[in-house]
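Undergrad: Sequence:
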Amino acid sequence: MKEKISEEKRQRVLQIFTGEAWLENLKSAEEIHVFAANFNWDNGYEWLNWIIDHPLCSRGTALMLYWLSEPVYYLKKDVLEISEYQLNGFKFVHKLQNKYLNNGFADYNIGFDPRNDDSTDWIKDSKLDGENSSVSIPSEMLKPVPGRDLSRDYW
1 MKEKISEEKR QRVLQIFTGE AWLENLKSAE EIHVFAANFN WDNGYEWLNW IIDHPLCSRG
61 TALMLYWLSE PVYYLKKDVL EISEYQLNGF KFVHKLQNKY LNNGFADYNI GFDPRNDDST
121 DWIKDSKLDG ENSSVSIPSE MLKPVPGRDL SRDYW
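Residues in the sequence shown are numbered from 1 upward in steps of one, following the working numbering.
In case anyone wonders, no lab produced these hints; they're calculated from the structure.
All C-beta atoms, glycine included, are put in the ideal place defined by N, C-alpha and C.
Warning: the hint list may mix true and false statements.
[Said to hold, decoys possible] Label pairs and their in silico Cβ distance ranges:
#: 1; residue 1: L14; residue 2: L101; range: 30 to 36 Å
#: 2; residue 1: Y73; residue 2: S6; range: 33 to 39 Å
#: 3; residue 1: R152; residue 2: K76; range: 25 to 31 Å
#: 4; residue 1: P144; residue 2: L87; range: 26 to 32 Å
#: 5; residue 1: S28; residue 2: I82; range: 32 to 38 Å
#: 6; residue 1: W22; residue 2: A106; range: 18 to 24 Å
#: 7; residue 1: K124; residue 2: H94; range: 20 to 26 Å
#: 8; residue 1: K124; residue 2: E46; range: 28 to 34 Å
#: 9; residue 1: E131; residue 2: E8; range: 42 to 48 Å
#: 10; residue 1: N88; residue 2: S6; range: 21 to 27 Å
#: 11; residue 1: N102; residue 2: L23; range: 20 to 26 Å
Assemble the whole structure, with the sequences as input and the hints as a guide.
TA: Below, the structure is given as structure tokens:
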């Protein structure tokens, strides 16, 4: 069952989206997770890098961002094949994966399951057993992170 964050925390996240506050106003791992889950990726990687660099970014949040970033697309390409437009995404996926695999994220009891994300199976959808079978996703990135299942539906 999805768990909601408190109204006070929800308001802090909402203020970021409405431009009434800065990212630095997020004060908990839950707020960072909900912000990340609702982030519009068209706003760029500067915000996403801020999230994964923040000490309150949880393993569950990091794994969620990893799968939302469509890692298979970037991992099946060499840096020389990446256009300038795609370079930030390429760097983000590799930075996030390296930090995750080196235990760079704390737990904070926030979960994420790449096989069951609001009924989306990111692993199946990535076609790792089909057309993308040559892409090597580290096994650690395929495993769910146990913890609370925080709702994304706040607005």
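Undergrad: Run the structure past the numbered hints and jot down the numbers of the failing ones, going up.
TA: 10
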